[in-house]
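Enquirer: According to my numbering, the stretch in the sequence shown is residues 552 to 1418, in order.
Each hint should be verified, as a subset may be incorrect.
[As the list claims (entries may be wrong)] For each label pair, taking beta carbons as the anchor points, the in silico distance ranges come out as: (1) 1279 <-> 1350: 37 to 45 angstroms; (2) 1162 <-> 1234: 45 to 53 angstroms; (3) 820 <-> 567: 44 to 52 angstroms; (4) 618 <-> 736: 20 to 28 angstroms; (5) 888 <-> 963: 22 to 30 angstroms; (6) 963 <-> 869: 16 to 24 angstroms; (7) 820 <-> 618: 37 to 45 angstroms; (8) 869 <-> 928: 16 to 24 angstroms; (9) 736 <-> 913: 49 to 57 angstroms; (10) 1234 <-> 1015: 58 to 66 angstroms; (11) 690 <-> 1222: 39 to 47 angstroms; (12) 666 <-> 581: 27 to 35 angstroms.
Bear in mind the hints are in silico, worked out from the structure with no lab data behind them.
Fair warning: this is a prediction, and the values are worked out from it, not measured in the lab.
Glycine is no exception: its CB is placed at the ideal position from the N, C-alpha and C atoms.
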Amino acid sequence: QLKEEGNKYFQASDYEKAVHSYTQAIKLNKDKALQAVLYRNRAACFLKKEEYAKAASDASRAIDINASDIKALYRRSQALEKLGKLDQAFKDAQKCATIEPRNKNFQETLRRLGTDIQEKLRIQFSTDLRVQKMFEILLDENSEKEKREKAANNLIVLGREEAGAERIFQNNGVSLLLQLIETKNAELILAAVRTLSGMCTGHKARATAILHYLGIDNICMWMSVDNEEISLAVCNLLQAITDCLLGQGKEEHHGKAEAVVLDTKKDLKMITMCLLDMLVSKKVSGQGRDRALNLLNKNIPRKDLKDHDNSRTIFVIDNGLKKILKVAGQIPEMPDCLPLTENTQLTASVLLNKLYDDLRCDPERDNYRVICEEYIKSKIDPQDMDKTLHAIQMVSGVLQGPFDLGNKLLGMKGIMEMMVALCGSEREIDQLVAVEALIHASTKLSRATFIISNGVTLLKEIYKKTKNEKIKIRALVGLCKLGSAGGTDYGLRQFAEGSTEKLAKQCRKWLCNTSIDARTRKWAVEGLAYLTLDADVKDDFVEDEPALQAMFELAKTSDKTILYSVASALVNCTNSYDTKELVPELVQLAKFSKQHVPEEHPKDKKDFVVKRVKRLLKAGVVSALACMVKADSAILTDQSKELIARVFLALCEDPKDRGTIVAQGGGKALIPLAVEGTEVGKIKASHALAKIAAISNPDMAFPGERRDGLQNYEALLGLTNFSGRSDKLRMKIVKERALPDIENYMFENHDQLRQAATECMCNLVVNKELVVLLCGEDDEKVQVAAAGALAMLTAAQKKLCSKMTEVTTQWLEILQRLCLHDNMEVQHRGLVIAFNLISAEKELAKKLVESELLEILTYIGKQEDDP
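Produce the complete structure using the sequences and hints provided.
Expert: Shown next, in the form of structure tokens:
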């Protein structure tokens, strides 16, 4: 019953359900002969689904039961051909031809495979020579520089092609590439690493062999160098290897090869441990540390929270959480600091957050918290202030990552008091670390209230007295954040009226001061991100064009830690944050019970917001946002993407502004935001895209999707010219699968394009053999269309039936192939054509009955158990 059900689903082209039915039948069935039929039927489904490895595996199981199962052999041959295993496909096709020597379909397959194998061998031998020559040039120190560069680039290209990668691997290429890395020449190292990366991509066995040959310690050592290009290339190599080990590559196993796939967990643990060791090694450059953190960010947490296995995260927490905390607790101004870049510590905070979010239950979260608490306790030492500073800095790092956990750590005995006390220290480094910690701690209103009552005076003192700009600006940001603790609520202002405007004015002044280093000016943006919750500050900020330009320029630098602050400030300025609608009845009730009711600032009304949006667009906000979206860094979190999407949606509100947004690259920048990020972020970005698409020319809004009209027109003219010359050229155009594209242009709005496409199609139709020969094409979609056309033509006019037999000597062979086709749609059309020919005239019917077609029709008629 399940088998019959599967057959029905197959005939209805519902291959997913057909696979399910056959699988259930396989589990329940004990009869070997029926088992073979079920496996070969399921193989047919997998062929339709283009899951060729599974198709080959199922066909092999059917052949194991019945070695002369011709259908299973042919299906395995088809699957192996698609997998590129031409020699094995040829052997199966040979067996089919031996069992049924008169079957033209098998003969044709053998001929085609033989030609393909010859071509593959020709390429293979020429590739071997090319690989050998390239290595000779690269390893010869006397070679010309230009020759070496060309050889290096050619090697990279070869490494990315399957045939080339395999030849390099087979010809001792990995050893030679290792020699190139050991030359210490940066260009050769880059070429070697990029070649290895191409060889590992999508090939698990090769990636595992290369990993073991090179050694993970060596790979991490190369990634540790203070050279951005080399470090990034090695990072990509390690990512390609990791993708293969995690099963995210393109490789497919088939048949018995599944049984010899190695357990990759050991290798993955080895890679993870080496990356964690890199985090705390002084020999590792800042670039290398960033790469290690990015790899951990990308590969350790689960991609989908529905997947219950978070063992990689648990392993990292148990074996490496303290190492990540050590990076988060580094103080760049201290002499014992590890080499860092401006992005390192925030990337560590992002990793801490991702690991915490990946935990599934309270005991796991408690374990995480306990490790953090133990680390803090081990660092706090009243006799050694430097150690204590590392503990406070680490709490700052956690507050920028898993904020709830950071709040719990702030609740530890004496932590908040120590922060306030350190603000009063005479050492500048103490003040610097303590003020930063207070800034991150005051995000929650309850904490901010504690700091307002205990630390504001100290912050003001530091701001007034210190001559160190770095400390002064941080103290100012601390005051900014405390001043904005009430959020957008006009009635919850923390400081006297006018104070926040003064703070914002000072922030803007620092932001525009190019003599101050970018890392310090970044804090001015941080301050404005808080203060712009106040509508007076928003209005002043958008009117200060130099300050806006300075912020946009900072957003375009390599320091990506500023992205969130810039996005937050822009969300505040455009009022694109979520606001709760006040229900009048509840407001009255709150007033009656003397509860606080949030008040809207007069300058947060719509007309003020519209003016601010216009000013931002005029200042060039779109190009800054487009640049922010391109940041290839773990620091561009989904939350940051959501903020950017909110800003874009606010900017797109007025249809008149959408042309400006498109002109500055906003349309293209929105596409990745609509594809990746939080659900809210994706919806906002999609909404903004919809607004742009509603009134924009798609060629302008989303450039690069198509060639321009002139290029299309002239290409069609060229094809028209060719197709008017000879049948040979017409057939060449058809074989290149240009027919659907030409047909599409016949329905274009542009008159000249439509005319050129129609002329080209007219020339192609001159070929009388076209429809018949198209039925013999390998492309199933072309076969379905051509066979359908032929079926309708032969049904409509009987004289066309005899015409069909005159256009080519291969007509009977093509008809037989259609009738024997695995695709039910093609086979059905073939049978209709055969019926039309037999019904047309006696002579034609006699010719068909005397041929092998009668045998084929008899065979098909008996195949009740097969789809």
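Enquirer: So which hints don't hold here, by number, going up?
Expert: Numbers 1, 2, 3, 4, 10 and 12 - these are the hints that the structure violates, sorted from lowest upward.
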